[in-house]
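A.B. asks: Each chain is listed here by its residues.
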Amino acid sequence: MYIIIAGGGEVGYYLARMLLSEKHEILVIEKDRKRCDLISEDMGDIVVRGDACEARTLEEVGTGRADMLIAVTSDDEDNLVTCQVAKHKFHVRHTVARIKNPRHKKLFDKLGIDATVCSTELILAHIEQDLPSHPLVPLLKLRGRGLDIVEVKVAPDSKMVGRKLGDFRQLPNSLVCLVIGRQKGPQIPTKDTVLEAEDEIVCVTEAGSEEKLRAILSGL
Amino acid sequence: MNVVIMGCGRVGARLAGILHSEGHKVTVLDIDSYSFRRLPAGFGGQAFVGNGTDEEALTRAGIQTADVFVATTQGDNRNVLAAQIAKHIFNVPRVVCRIYDPIRQEMYQELGIQTTSPTKTGAQALREAIGG
Numbered sequence: 001m002y003i004i005i006a007g008g009g010e011v012g013y014y015l016a017r018m019l020l021s022e023k024h025e026i027l028v029i030e031k032d033r034k035r036c037d038l039i040s041e042d043m044g045d046i047v048v049r050g051d052a053c054e055a056r057t058l059e060e061v062g063t064g065r066a067d068m069l070i071a072v073t074s075d076d077e078d079n080l081v082t083c084q085v086a087k088h089k090f091h092v093r094h095t096v097a098r099i100k101n102p103r104h105k106k107l108f109d110k111l112g113i114d115a116t117v118c119s120t121e122l123i124l125a126h127i128e129q130d131l132p133s134h135p136l137v138p139l140l141k142l143r144g145r146g147l148d149i150v151e152v153k154v155a156p157d158s159k160m161v162g163r164k165l166g167d168f169r170q171l172p173n174s175l176v177c178l179v180i181g182r183q184k185g186p187q188i189p190t191k192d193t194v195l196e197a198e199d200e201i202v203c204v205t206e207a208g209s210e211e212k213l214r215a216i217l218s219g220l
Numbered sequence: 001m002n003v004v005i006m007g008c009g010r011v012g013a014r015l016a017g018i019l020h021s022e023g024h025k026v027t028v029l030d031i032d033s034y035s036f037r038r039l040p041a042g043f044g045g046q047a048f049v050g051n052g053t054d055e056e057a058l059t060r061a062g063i064q065t066a067d068v069f070v071a072t073t074q075g076d077n078r079n080v081l082a083a084q085i086a087k088h089i090f091n092v093p094r095v096v097c098r099i100y101d102p103i104r105q106e107m108y109q110e111l112g113i114q115t116t117s118p119t120k121t122g123a124q125a126l127r128e129a130i131g132g
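Protein chains in written order, with my numbering: chain A, 1 to 220; chain B, 1 to 132.
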């Protein structure tokens, strides 16, 4: 595939390296001369100095025939504009943007950016498992389906404790896939599965229903 | 009208003054409180420190009840991001965005945002001033 990477910082650099090793055709667009020198020194003639937000730069690197454009500068706004120019002017089929502000994901989705990667959210998802104050951990987003897979811990004061799963029809837009009991270990839930405090539950949930689910299971 | 202006540079501050003197309710948002010195004497609107590309800062500035949102920071892309948040997330009825780069300005105009390019209008004004 021909993949354009907008931004030759640390993320762009290692992304280029990995994609090159997978035999893709890679082009990096980077504003800073020193970064450009470093990239061409290490990886050969795969970098063009310029501003990836400008249609002229994208034209110059043949964006029209690119299979994918990945915008990984450190600025959400620059990544958004690069992806939008690539989409609307060059009809790139697949655009990916790196974002820092998790709230920007919704807008980028709405504007047709095909995928966003939010480093802040990724870090949070990893530390949340160790934070007692965050009883709901997003594990995976099923992109394009509006579904998330999440893990929730049943709090001791949750009204679910001691009840059978079948008693609770009102889990908001969620399907319980797995119950990991503190003592009993992982089990495939049936309607007779009794929940206990500190059980961990893996659910498929409709995006946006997480808060309701969190409220019911965590007893908040 | 209820107007939120993001960016209190020379243009933003002047625009805020004009709108306020016309009797509109004006709120200015800038990441640097020092920029509020540019607001004209007697400006009676509100000024908030905050990043206009952040939904929470926009909410604090009252975007939910705004009739108009104007993005006039120094950064084209920052303006574009904030303008699209105002339009698509907060459904502000009228969103105006300054974009220096004429190519980007035309593209976002096509995408339904009211845009203006000082590069184009400035060059045109200078051409007319030259005469001949």
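Since the hints were made in silico from the structure, they are not lab data. Accuracy of the hints is not assured; some may be wrong.
[To be verified] Derived lysine to any residue pairs resembling SDA-like cross-links, with alpha carbons at most 25 Å apart:
#, chain 1, residue 1, chain 2, residue 2
1, A, Lys159, A, Lys100
2, A, Lys106, B, Gly50
3, A, Lys212, B, Lys25
4, A, Lys100, B, Val49
5, A, Lys31, B, Lys25
6, A, Lys212, A, Leu171
7, A, Lys110, B, His88
8, B, Lys25, B, Pro40
9, A, Lys105, B, Gly50
10, A, Lys105, B, Val49
11, A, Lys105, B, Glu56
12, A, Lys89, B, Ser117
13, A, Lys110, B, Pro40
Remember, it's a predicted structure, so these values are computed and weren't measured experimentally.
A.B. asks: Compare the structure with each hint and give your call.
C.D. replies: Going through the hints against the structure:
no.	hint	in the structure
1	A:Lys159 with A:Lys100	36 Å, violated
2	A:Lys106 with B:Gly50	20 Å, holds
3	A:Lys212 with B:Lys25	37 Å, violated
4	A:Lys100 with B:Val49	20 Å, holds
5	A:Lys31 with B:Lys25	41 Å, violated
6	A:Lys212 with A:Leu171	8 Å, holds
7	A:Lys110 with B:His88	8 Å, holds
8	B:Lys25 with B:Pro40	15 Å, holds
9	A:Lys105 with B:Gly50	20 Å, holds
10	A:Lys105 with B:Val49	24 Å, holds
11	A:Lys105 with B:Glu56	14 Å, holds
12	A:Lys89 with B:Ser117	19 Å, holds
13	A:Lys110 with B:Pro40	38 Å, violated
When each numbered hint is compared with the structure, violations occur for hints 1, 3, 5, 13.
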